[in-house]
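S.K.: Take a look at the letters that make up each chain.
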Amino acid sequence: MSTHSLEDRFQSRVDNEEKIEPRDWMPDAYRKTLVRQISQHAHSEIVGMLPEGNWITRAPSLKRKLALLAKIQDEAGHGLYLYSAAETLGVSRDEMLDQLHTGKAKYSSIFNYPTLTWADIGAIGWLVDGAAIMNQVPLCRASYGPYARAMVRVCKEESFHQRQGYDILLTMCQGSEEQKEMVQDAVNRWWWPSLMMFGPNDDASPNSAQSLKWKIKRFSNDELRQKFVDATVPQAEILGIQLPDPLLQYNEARGHYDFGPIDWEEFFQVVAGNGPCNKERLAARVKAHEEGAWVREAATAYAEKQKNKVVSSASVA
Amino acid sequence: MKDWPLYEVFIRSKNGLNHKHVGSLHAADPQMAIQNARDVYTRRNEGVSIWVVEANHITSSNPDDAEALYDPAMDKIYRHPTFYELPDALKHM
Ligand SMILES: [Fe+2]
Ligand SMILES: [Fe+2]
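Each protein sequence line maps, in turn, to chains H and P. If you're matching positions, the first sequence starts at 1 in the working numbering and goes up one per residue. If you're matching positions, the second sequence starts at 1001 in the working numbering and goes up one per residue.
Since the hints were derived computationally from the structure, they do not count as laboratory data. Nothing here was measured: the structure is a model prediction, and the numbers come from that model. We put the beta carbon where it would ideally sit given N, CA and C, even for glycine. Any given hint could turn out to be false.
To be verified - Derived DEER-like restraints, expressed as beta-carbon distance ranges:
id, chain 1, residue 1, chain 2, residue 2, range
1, P, R1043, H, E297, 21 to 31 Å
2, H, E297, P, E1054, 41 to 51 Å
3, P, A1066, H, A76, 32 to 42 Å
4, H, S92, P, E1085, 16 to 26 Å
5, H, L62, P, V1048, 28 to 38 Å
6, H, E177, P, R1043, 36 to 46 Å
7, H, N251, P, D1039, 41 to 51 Å
8, P, I1077, H, S12, 21 to 31 Å
9, H, Q242, P, D1039, 37 to 47 Å
10, H, W25, P, E1054, 20 to 30 Å
11, H, G273, P, A1055, 28 to 38 Å
What the hints assert, rightly or not - Not the full set, but computed from the structure, chain H residues with beta-carbon under 7 Å of chain P:
id, residue
12, R23
13, D24
14, G79
15, L80
16, S211
17, A299
18, T300
19, A303
Isolated chain H (complex conformation):
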């Protein structure tokens, strides 16, 4: 079969909502797009543990600490599901880790912002996990089987993350004036970067159309961003805090909230490595990897020894 008709057959399978599996024929560009997207997503889950990890030892109660630990442990799991999904496309785990550690691979720029107070942990759960959920739910229907299945698992675990964060903010908002101010400050800092998580505006996102055609994406960046804003505004009202956007207003005619322009210059600066914590995050990952080397080596040596034991006892028998 010619490449052309293979591609037609592939596209018609995608159009029919059939899942593409690892050993099925797929266009090279589809494979490359998936490897890039899934590995970036995996890196984001792993690097995403760092800003929150910063507060584990300072959580205000044992209950909060347990919940935060469980949430962060979930994120490690999400990284693993996604790395595994990417590996089915022929890229190795080492290659991906290497790309992350050498700064070649990207991860979500939101994790390059600092977590200054305990309210930041609440704001991350509410806004950052909230935005992630908005992005991730449609990915459960992505055309690539292993990715879609990984996302189903991820989404099942995510909803507790958002509630965990919202619950922190709700409690603080019912507390002292100082605590409420802390929440407002955290939301002021996390709101705009959260809106940036959906990526550039549609007219500045050249690859989106192809991803939509391949059914990797189901909604455009702007559609998802709008959904997120619409869902989040009423939640902010219940908290009794202001979202830091003077142009935020319900538009009766559209049936959606209008919101102000996003500072894309800031976004591209952070993506380019000039955010407040880019260097710190990468250094922390590299350090963890390097300091874990002896554990990996010891485990390998132990496995080797066990194997030899089995072989020698078998040869005796």
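Dock chain P with the ligands against the given chain H, drawing on the hints supplied.
M.R.: Coordinates of chain P with the ligands only, in the frame set by chain H:
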């Protein structure tokens, strides 16, 4: 991690059900694969039993053979109970 093989993980979600494939992970040996699978795939009571098998021990059918392998079953409708018409008088079979 270069030397750590990939393991496929299968979980029995409830007593009485089959083990079902849930995902994969790297581990130095099968014991570690079970421990990691327990940590990653059963944090919310998803399972009562775990199987792990090294991925390179799995032989799978070729997707290109799908037609040859599975289409012949399609015209064998006599393999299904609905193929057989029973008299209305017969209430249960
Ligand atoms: Fe996650
Ligand atoms: Fe999360």
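S.K.: Look at each hint and say if it fits the structure.
M.R.: Here is what the structure says about each hint:
no.: 1; hint: R1043(P) with E297(H): 21 to 31 Å; in the structure: holds (28 Å)
no.: 2; hint: E297(H) with E1054(P): 41 to 51 Å; in the structure: violated (20 Å)
no.: 3; hint: A1066(P) with A76(H): 32 to 42 Å; in the structure: holds (36 Å)
no.: 4; hint: S92(H) with E1085(P): 16 to 26 Å; in the structure: violated (58 Å)
no.: 5; hint: L62(H) with V1048(P): 28 to 38 Å; in the structure: holds (29 Å)
no.: 6; hint: E177(H) with R1043(P): 36 to 46 Å; in the structure: holds (38 Å)
no.: 7; hint: N251(H) with D1039(P): 41 to 51 Å; in the structure: holds (47 Å)
no.: 8; hint: I1077(P) with S12(H): 21 to 31 Å; in the structure: holds (27 Å)
no.: 9; hint: Q242(H) with D1039(P): 37 to 47 Å; in the structure: holds (41 Å)
no.: 10; hint: W25(H) with E1054(P): 20 to 30 Å; in the structure: holds (26 Å)
no.: 11; hint: G273(H) with A1055(P): 28 to 38 Å; in the structure: holds (36 Å)
no.: 12; hint: R23; in the structure: holds (5 Å)
no.: 13; hint: D24; in the structure: holds (5 Å)
no.: 14; hint: G79; in the structure: violated (10 Å)
no.: 15; hint: L80; in the structure: holds (6 Å)
no.: 16; hint: S211; in the structure: violated (23 Å)
no.: 17; hint: A299; in the structure: holds (4 Å)
no.: 18; hint: T300; in the structure: holds (5 Å)
no.: 19; hint: A303; in the structure: holds (4 Å)
Hints 2, 4, 14 and 16, counting from the list given before, are not met by this structure.
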